Amino acid sequence: MKLFQSIKKIGIVISIPVGVFVVLTFLTQIQGISLFAHAGHVQTFVRSTTIISFTAWALALNLQSGRFDFSLGSMAILSSIIGTQITINYGLPAFSLIFVIVFISGLLGLFSGLVYITLKLAPIITSVGVMLIYEALTFVLTDGQGLLISTQFDLLVLPSTRNLLIILLVGFAIVYFIMNHTQFGYNHKALQHGQEIAVNTGLPEKRNAILTYMLAGMLMGVVGFINMTTQGFTGVSLNFTSISAMFIAFLPMFIGGYIGRFSEERFGIFIGSLTMGLVTLGFVRLDLPRQTQEFVNALLLLAFLTYLNNQGRLKLIFAFRKKSVNHSK
Amino acid sequence: MNKCLNKIGLLVFSLLLIGLLAACNGDSDPQTNGVDNGANEEQDQGPTQKIGVQIYDATDSELIAFRRYYQDYIEDNYNVEFLFSDSLDTAEAERTSTENFINQGVAAIISFSDSDRMSVIQMTEDAGVYYAIGAGTLSDEQLDMLSDNEYFVGSIGPSLAEEEEVGYDMAKHYIEQGYTNFLLYAGGYPFVDMHLMRTHGMIRALEEVGVTYNAREDGQIGTFESDEYTINTVYGFPDDSGAFFGTVAERVNEPGLEVILTAGLGVEFFGTALAQSGQDIRMGTVASFEDAYYEGFSAGQVDYLAGKFSSSIGPIFAAVYNAINGDMEVVRNNGNPFRIDQGYWIATNVDEFNEMYEMSNSTENPAYTKELLDMVIKSENPDTDYDNFESFVQSYSFDEITNLQD
Amino acid sequence: MKEKIILEAIGIKKRFGETVALQGVDINLYRGEIRGLVGENGSGKSTFSSIIAGIQKSFKGELIYKGKPYLPSNMVEALQNGIGMIVQEKGTIQNVTVAENIFLGELNKYGRFGLLNKKELYNKANQALDNIGITNIRADDMIQNLNMQNRKLIEIAKVVFKNPDILVIDETSTALSYEGRQILYKIIEDFKSRDKSVVLISHDLDELIEKCDTLTVLRDGKLIKHLNKAEFEEDYIKQLLVGRELEGDYYRSDYNHEVSSEVVLKVENLNKENDLNGVNLDLHKGEILGIGGLSHCGMHTLGKVIFGFENAEEGHVSIQGTKIIDEKTAMKAGLGYVSKDRDHEALSLNSSIRENISIVGLDIIKKHNLIFSKHEKAYVKEQVDIFNIKAQSMEQYVSGLSGGNKQKVVFAKWMGRNSDILVLDCPTRGVDIGVKQAMYQLIIKLKNEGKSFILISEELSELTGLVDRLLIMKDGKITKEFFRDKELSESDIINYMI
Amino acid sequence: MVERFTNKFSGLKRITNYSSWFGLIALISIYYIQMGESITAYSMGIIIEQAVIVAIVATGAIFIFSFGQFDISLGAATAVAAMVSVITYNRTESIFLMLLASILVGVSIGVIESILAVLLNLPVFVLTVAMLSILSSLVRVLLGGQSSISIPSDAVAAFDNVPFKLFILICYFLLCFFIFNYTKVGRESKFLGANPIAAKQSGVSNKKITIIAFILVGIGVGLAGFLTVIRAPMLGQTTAASLGLDVLVAIVFGGMPLSGGARSKISAAVVGAFSIVLLNQVLLSFGFSSGQNQIAKAILFLFVVFVATINYRKKILPR
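Those protein sequence lines, which keep their order, are chains A, B, C and D.
Note that the UniProt record's numbering has the first sequence beginning at 1, numbered continuously upward.
Note that the UniProt record's numbering has the second sequence beginning at 1, numbered continuously upward.
Note that the UniProt record's numbering has the third sequence beginning at 1, numbered continuously upward.
Note that the UniProt record's numbering has the fourth sequence beginning at 1, numbered continuously upward.
Please note that a few of the clues may not be correct.
Unchecked claim - Pairs of lysine-lysine residues, derived as DSSO-like cross-links and limited to a Cα-Cα distance of at most 27 angstroms, are as follows:
#, chain 1, residue 1, chain 2, residue 2
1, C, Lys381, D, Lys200
2, A, Lys206, C, Lys109
3, C, Lys340, C, Lys374
4, C, Lys323, D, Lys200
5, C, Lys4, C, Lys196
6, C, Lys57, A, Lys206
7, C, Lys367, D, Lys207
8, C, Lys328, C, Lys367
9, C, Lys90, D, Lys200
10, C, Lys474, D, Lys208
11, C, Lys477, C, Lys445
12, D, Lys265, C, Lys323
13, D, Lys200, C, Lys340
14, D, Lys208, C, Lys323
15, A, Lys206, C, Lys366
16, C, Lys272, D, Lys265
17, D, Lys265, C, Lys340
18, C, Lys57, C, Lys118
19, C, Lys332, C, Lys266
20, A, Lys9, C, Lys367
21, C, Lys4, D, Lys184
22, D, Lys184, C, Lys374
23, A, Lys120, C, Lys60
24, D, Lys207, C, Lys381
25, C, Lys381, D, Lys265
26, C, Lys90, A, Lys206
27, C, Lys366, D, Lys207
28, C, Lys272, A, Lys120
29, D, Lys200, C, Lys377
30, C, Lys332, D, Lys200
31, C, Lys445, C, Lys390
32, C, Lys367, D, Lys208
33, C, Lys445, C, Lys381
34, D, Lys208, C, Lys332
35, C, Lys285, C, Lys367
36, D, Lys208, C, Lys480
To be verified - Per the computed footprint, the stretches of chain D lying under chain C, defined by three or more beta-carbons under 8 angstroms from a beta-carbon of chain C, are:
#, region
37, 192-198
38, 203-213
To be clear, the hints were calculated from the coordinates, so they are not data collected in a lab.
Treat the numbers as computed from the prediction; the structure is a model and nothing was measured.
The beta carbon of each residue, even a glycine, is placed where N, CA and C say it ideally should be.
Given these sequences and hints, build the entire structure.
As structure tokens, this is what we get:
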């Protein structure tokens, strides 16, 4: 029975990416191409999966505590610009770039968190303010030009498939460990599900919130790093343009929440991101125009949410069957 | 107590952050900070005239170079002050910016924005503010409609035909060298006119050598057929999922690729993929003479550039300056607003590029210096007339300008 | 008996915004003592206990614990110092394990450098559960899979495991079944036997009289009297609670249970997973129908289903032929509902008295489909006057009112729209005895005017004192029907509840 | 002692409740000082011109915000409405049909969104995130591969004046003001925001309120789409793209609590929209760059909200 249960769990967890893979393989086969034709496709897939995973982990961290953070995208952009400039200006070794960027984005996250706990405003408001400031700083710091590093060859070789895989795995290990094996993770979960009780009991809510923001910032730093080094270019964003960075992460986050019921949530998000990574590669291979991509993504999100929110009702529909099983017992 | 600590923490942290930002900013930016616009000293004659500059993208490197020329060179040498708009990406934003400039009391607007230009021209006429086009062109029909508009000064810039020609020349340059495997980047095709025209130019050059182009019904860039030539395409801009760079990497790594031709944003979007591919691939692009391309040429990533130079917007200023000084007659083409084509500087090797780059980016000795501009400004040179002006603008090539300077 | 003082509270004052909760309370607590704390809601007993347990920080006055000044900054710190509290409200957090709840806020003990040793954590948690004799729940169970009673037991296990010197129990027994209470009582006696102290807060006078050594009566944030076991006498305590002798009738004076034969509301064969198991009942015009039982017998769910707030899986509720499918149809048919959870369900605390009362009366207030301030205010003022709601103005937020006045607002809201049938779920929970009396009299008056009531209550005396007919529920079923009778004794009834 | 404290407290409360008005007045004063004599009828006109569209959409959006929901797709919806109205005009050459089409599209989007939210039981915010993507791709579809679509500017020139726009704003504002303050729907939506469970137990239908609110916003979106075309008859990919967040900023600036509830006020939309436009004008007069502008705006934004909510702090952090 227990074996059956675990098989069922594993089945649910892998069914989503496998299903998507099958559909995409079918779609590409019709056009006479294969999903993974050469190493570049593997790289695209790994890169998308990594970017989406980190973004979704960061988004989920605060969103699941009821804190919507508009500043995620701007943190990625600003930290990658500052970090890269520092690395280049002070001639730091290339591999240290990721650490510098993550350090800076951690500081940016810290600032977000401090603004939140100092002003005691709803995070959706403080994060709009912080996001506007960070966006504007990208402009002020680069005199509006953004940053181009297309000739810094030692930096550009960093996002190889192998390195991306390492980043993804190490990132997952760290996030998994933090959320499941540290006091911070446990307190975070307790505050998430019972804020008032937890605060009354004496959990350090403010410290936890700040650390959460910092962690989210650092995760976005990795995104900034990957974008900077693969594109060799980070543009300036103004007037809320940076918020779009997080939209791609909604679907994986919800898939993660769903899978999280059967396994670990961070792992669920990873599986969700993997799925989106496949979808992204599918877009590349099928050469779909941007608006179609967005449209398909939005529809997938809607469909999945609908399924998720009506699961209760679905269960009701199937309740009769369950009842008869109970009787036979 | 706790609360107090938080506030102190925030304060200390903010200072730290500011320090950090300052550290990275100070070191990285050798040029004078273009944001600083309060430095223009009052000149001897009269109050400073305000000129509004409308830009389509505050983050575009070409426009930033333009801004530097106006604010760091022209403001220091003429009694004017430039106000720059935000990025104007819709007709609505363009209108808002026009309203604001008029309200701020500008004497003229120089526009690099074309969301709904005719409406803006109408507004400026109503408000009695001079209007000049610093880039892009008007159709004959439009120019006709504006013939009796006293406040419309004229336009200088590459016409759409010129844009098409630039694309054609670039493609031709490589075809003539015998290359057969191309990757075309169409940029904002079909939404951005300038990219569309350049791409059409490239297509024309390819068609001349026997390539068949199949246009697509939905308006997107189509496909190519040829036995001899292999042509792949990319279009669009980066997105958040990484799909764009996935496509770029895929195309760049296509075996046998020899040349990348971009309708814009060459180094920005392809430099990295080139660096990462490690193959020997040429790149030709239409962009501007700025740092990124300096690096690109030095690293051998780019070997053909059709680009604007920072002070290419000197002549339009001269025209506007004449207008606001009341010397409208020297900028009137037989009583009508002028429309003068101004093309690109073209660098086909590193040495050419470096020479042009140096002159383009100098704020002490730009291509169009005060001495040069004064030749067509009536208040400085009473003998000048429209024909002078027209030939002055048309002699835009690097060689002609260096000759003028000597 | 009076040997060692363990905790001394001197002149404790506490204010919440505009309301004064405690105005200078002195209490000495001795080792080996079971101290009952009694008072109406708003009398300050929960505030006092939350202060010594570290939940409330900013107060005036002094606490001396074991001879030293004492000022815990949170519950965990208080517990580490030896003062543990089982709170009145929900005290566990969902979606985390039992073990994490037991060691909430002090996980740092299980591991180092911020890392956790799960094995040790689970072992300790199981030990804590074993300690109080719970074997059916394990450390790695998720809280949301447990029922309310078991969650409460987790809290008890958590506090007791720390072996505090003072155990504060705030109205916990109402959430527990018979078995749960036995566990709790055993713990209390065990504490006493080990020379530790217990502070027991309860509304149940019988429970207090039976279990406590001493009683402290609070009223309006003031200390009224300390009572020794010898002075325990129910009527006397009641008098102390209210502050005066109650004049007039408290409950109904008549013992007539004849009601009209007209059925105004019919409940047929309601079934709902875990809560209702084939419930049938008729409500007659002018009848007060009581429903009693233990907390989790399904009667609260029944109230919600009757009003259409929750849906049953089978069966239906109808009023004169109209089926009740949601709150709207219920209201249209003249039904009103007073929720047990007043602050979260019956009222919007951060809205004004006016808004709370008028929200269900908008149909009456509107003229030509429009709502004008003048009509609305007149409507609300009438209710405020009838119910004698004490507030600065009708624009005051409900959050600033006392429990009694809040409940008056809820009553006013339903009576204002002239509801014919009211479902009252624990309508006098946390209400002063004075207000309670007024409400009882109001219910009786309305009954005499032909209104019908379904009175769901956990207080048996309230039920026997008011109802025409009493239905007892157990495990989602109606197990017994009693009619109004002078001879009806609470002990008879209890037998059908457990 | 207690009495005095109470009075002082509620006095302060009253003042901060009007902090957004003080903000507006302060901005007007600074603008006056900065511009001095150069303030003309033209200046007033452009302030109205620039505030009208945001004010209209924000007014409608107050309904959604009042019951604690959040719509991020309003800008994209406005763009779609404007696109359709341009297409309609180009087919029919009728201004009336153009207006009608715009409103119809706005309302339809509202109906679709609310029905999806209600029937599929989706959280409104996440739904609007998805709608944002769907509507922006719809904008590109409507563009049909062109960089822009337009109508001749003469066609709408007759309406391109301040009185007409002000008239539309006032009409729509009065409609919303009326519904918000003098009908059941308005009361119920505020109550729903204050406590959804209590609202349900008082017979307030979440579904009904959601649908009505989205329809009302839809009308606003339709009017805004129409006015967008009048203001700038040439529409492109990015038309109205930032409107959604401008509306959010305006509403918060105007003193509307994002959680909705009893403190919701419809005036916040107009106060906020005008404040933002004035703030822009003031910043322009200082000659800041785009980046500095945005920093100043962000800091002011946080400051205003901070002051407005200074009396509503809780022990636990707000979410």
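Consistency of the hints with the structure:
{"no.": "1", "hint": "C:Lys381 <-> D:Lys200", "verdict": "holds (24 angstroms)"}
{"no.": "2", "hint": "A:Lys206 <-> C:Lys109", "verdict": "holds (20 angstroms)"}
{"no.": "3", "hint": "C:Lys340 <-> C:Lys374", "verdict": "violated (32 angstroms)"}
{"no.": "4", "hint": "C:Lys323 <-> D:Lys200", "verdict": "holds (18 angstroms)"}
{"no.": "5", "hint": "C:Lys4 <-> C:Lys196", "verdict": "holds (11 angstroms)"}
{"no.": "6", "hint": "C:Lys57 <-> A:Lys206", "verdict": "holds (17 angstroms)"}
{"no.": "7", "hint": "C:Lys367 <-> D:Lys207", "verdict": "holds (24 angstroms)"}
{"no.": "8", "hint": "C:Lys328 <-> C:Lys367", "verdict": "holds (20 angstroms)"}
{"no.": "9", "hint": "C:Lys90 <-> D:Lys200", "verdict": "holds (23 angstroms)"}
{"no.": "10", "hint": "C:Lys474 <-> D:Lys208", "verdict": "violated (37 angstroms)"}
{"no.": "11", "hint": "C:Lys477 <-> C:Lys445", "verdict": "violated (31 angstroms)"}
{"no.": "12", "hint": "D:Lys265 <-> C:Lys323", "verdict": "violated (38 angstroms)"}
{"no.": "13", "hint": "D:Lys200 <-> C:Lys340", "verdict": "holds (15 angstroms)"}
{"no.": "14", "hint": "D:Lys208 <-> C:Lys323", "verdict": "holds (20 angstroms)"}
{"no.": "15", "hint": "A:Lys206 <-> C:Lys366", "verdict": "violated (47 angstroms)"}
{"no.": "16", "hint": "C:Lys272 <-> D:Lys265", "verdict": "violated (41 angstroms)"}
{"no.": "17", "hint": "D:Lys265 <-> C:Lys340", "verdict": "violated (31 angstroms)"}
{"no.": "18", "hint": "C:Lys57 <-> C:Lys118", "verdict": "violated (32 angstroms)"}
{"no.": "19", "hint": "C:Lys332 <-> C:Lys266", "verdict": "holds (16 angstroms)"}
{"no.": "20", "hint": "A:Lys9 <-> C:Lys367", "verdict": "violated (59 angstroms)"}
{"no.": "21", "hint": "C:Lys4 <-> D:Lys184", "verdict": "violated (63 angstroms)"}
{"no.": "22", "hint": "D:Lys184 <-> C:Lys374", "verdict": "holds (15 angstroms)"}
{"no.": "23", "hint": "A:Lys120 <-> C:Lys60", "verdict": "holds (26 angstroms)"}
{"no.": "24", "hint": "D:Lys207 <-> C:Lys381", "verdict": "violated (31 angstroms)"}
{"no.": "25", "hint": "C:Lys381 <-> D:Lys265", "verdict": "holds (24 angstroms)"}
{"no.": "26", "hint": "C:Lys90 <-> A:Lys206", "verdict": "holds (22 angstroms)"}
{"no.": "27", "hint": "C:Lys366 <-> D:Lys207", "verdict": "holds (22 angstroms)"}
{"no.": "28", "hint": "C:Lys272 <-> A:Lys120", "verdict": "violated (43 angstroms)"}
{"no.": "29", "hint": "D:Lys200 <-> C:Lys377", "verdict": "holds (23 angstroms)"}
{"no.": "30", "hint": "C:Lys332 <-> D:Lys200", "verdict": "holds (14 angstroms)"}
{"no.": "31", "hint": "C:Lys445 <-> C:Lys390", "verdict": "holds (22 angstroms)"}
{"no.": "32", "hint": "C:Lys367 <-> D:Lys208", "verdict": "holds (21 angstroms)"}
{"no.": "33", "hint": "C:Lys445 <-> C:Lys381", "verdict": "holds (21 angstroms)"}
{"no.": "34", "hint": "D:Lys208 <-> C:Lys332", "verdict": "holds (16 angstroms)"}
{"no.": "35", "hint": "C:Lys285 <-> C:Lys367", "verdict": "violated (31 angstroms)"}
{"no.": "36", "hint": "D:Lys208 <-> C:Lys480", "verdict": "violated (41 angstroms)"}
{"no.": "37", "hint": "192-198", "verdict": "holds (count 4)"}
{"no.": "38", "hint": "203-213", "verdict": "holds (count 3)"}
Consistency with the previously given hints fails for numbers 3, 10, 11, 12, 15, 16, 17, 18, 20, 21, 24, 28, 35 and 36, ordered from lowest to highest.
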